[in-house]
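K.L.:
Everything in the first sequence is counted per my numbering, starting at 5 for the first residue and increasing by one.
A few of these clues could be false.
Once the Cα atoms are required to be at most 27 Å apart in a straight line, the calculated DSSO-like pairs of lysine-lysine come out as [said to hold, decoys possible]:
id, residue 1, residue 2
1, K55, K183
2, K118, K97
3, K23, K63
4, K55, K205
5, K53, K205
6, K205, K129
7, K28, K175
8, K55, K175
9, K23, K183
10, K63, K28
11, K183, K28
12, K139, K129
13, K183, K118
14, K23, K10
15, K139, K118
16, K175, K53
17, K129, K10
18, K28, K139
19, K129, K55
20, K28, K118
21, K53, K139
Label pairs and their calculated CB-CB ranges [said to hold, decoys possible]:
id, residue 1, residue 2, range
22, S124, L14, 39 to 47 Å
23, T65, E180, 19 to 27 Å
24, E167, S146, 34 to 42 Å
25, V115, K183, 37 to 45 Å
26, E74, D20, 15 to 23 Å
27, A186, G35, 15 to 23 Å
28, R64, E119, 35 to 43 Å
Hints were generated in silico from the structure; no laboratory data involved.
Don't be surprised by glycine CBs; every beta carbon is placed ideally from N, CA and C.
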Amino acid sequence: MMRLQKSFYLQSDVVDVAKQLIGKLLVSKIGGTVTKGIISETEAYNGIKDKACHAFNNKRTNRTEVMFHEGGKCYLYLCYGVHTLFNIVVSEKDTPNAVLIRSLIPFEGIVFMKERRGLSVNENKLCSGPGNLSKAMGFHYSQSGLSLLENDIFIEDNGIIIEDQHIEVSKRIGVEYAKEHADLPYRFVLKPYFCDQLKKKYSNGPLSDRIS
DNA sequence: CGGCCGATCCACT
DNA sequence: GTGGATCGGCCGA
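Based on the provided sequences and hints, a complete structural model is requested.
P.N.:
Encoded structure:
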């Protein structure tokens with residue numbers, strides 16, 4: 005298990021990065037607890053030309069500034085006054101691309117996720133939805149700007165390659181206001197039948213047996 | 001300042 | 001399927 009390195013985040017094609025992130029592990033070590041989830045849903049936000057992107061038209065504010073930084077940091081913000089949404093900043097400095105993580109398969113530290121979400125939540129849905137996964141993982145928008153290369157929030161790579169046939173591509177959620185950009189195929193979802201298989205790949209056997 | 005709005009979620013019908 | 005919660009960010013005056 006290796007922490008994803010800088011070269012991964014510096015890629016220029018944020019849509020492809022969103023696809024590559026499917027199946028990787030998102031890790032948090034917050035408040036003395038470790039929680040991990042397998043990334044199962046992402047969306048790409050394609051910089052200054054994308055009307056759904058906060059940095060559309062080169063809009064630079066205190067909130068969006070981190071999107072203009074070099075790839076490899078997290079961009080967190082408060083949505084609807086209630087939910088923290090977790091994004092990964094991608095590409096070179098001054099190219100404000102980002103990937104929103106929308107769903108995880110809970111993998112490790114599930115007891116802590118339950119504490120954060122409430123004991124009544126269905127175990128399989130602890131990290132379903134961008135606001136919910138932030139709550140389960142212990143993310144807060146005050147952590148925006150942290151580097152994923154040297155802190156306690158990061159992505160683990162494990163060598164597992166997810167074939168395209170296991171990934172559903174669709175338009176992004178909740179961005180109707182982006183008009184002609186609302187229907188772009190920038191959302192990637194791991195097909196449900198494959199979620200269980202992938203979780204088993206992570207749980208069983210040596211790495212050499214887990215390459216799919 | 002004041003007002004509007006949002007990359008959501010949940011309870012309720 | 002619908003509507004209310006809830007509040008920081010953003011913009012215009």
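K.L.:
Against this structure, judge whether each hint is valid.
P.N.:
Each hint, compared with the structure:
no., hint, verdict
1, K55 to K183, "holds, 8 Å"
2, K118 to K97, "violated, 37 Å"
3, K23 to K63, "holds, 26 Å"
4, K55 to K205, "violated, 38 Å"
5, K53 to K205, "violated, 38 Å"
6, K205 to K129, "holds, 20 Å"
7, K28 to K175, "holds, 21 Å"
8, K55 to K175, "holds, 14 Å"
9, K23 to K183, "holds, 23 Å"
10, K63 to K28, "violated, 30 Å"
11, K183 to K28, "violated, 31 Å"
12, K139 to K129, "holds, 12 Å"
13, K183 to K118, "violated, 38 Å"
14, K23 to K10, "holds, 17 Å"
15, K139 to K118, "holds, 10 Å"
16, K175 to K53, "holds, 17 Å"
17, K129 to K10, "violated, 31 Å"
18, K28 to K139, "holds, 19 Å"
19, K129 to K55, "violated, 30 Å"
20, K28 to K118, "holds, 22 Å"
21, K53 to K139, "violated, 31 Å"
22, S124 to L14: 39 to 47 Å, "holds, 42 Å"
23, T65 to E180: 19 to 27 Å, "holds, 23 Å"
24, E167 to S146: 34 to 42 Å, "holds, 38 Å"
25, V115 to K183: 37 to 45 Å, "holds, 44 Å"
26, E74 to D20: 15 to 23 Å, "holds, 18 Å"
27, A186 to G35: 15 to 23 Å, "violated, 37 Å"
28, R64 to E119: 35 to 43 Å, "holds, 38 Å"
Hint violations for this structure: numbers 2, 4, 5, 10, 11, 13, 17, 19, 21, 27, all remaining hints satisfied.
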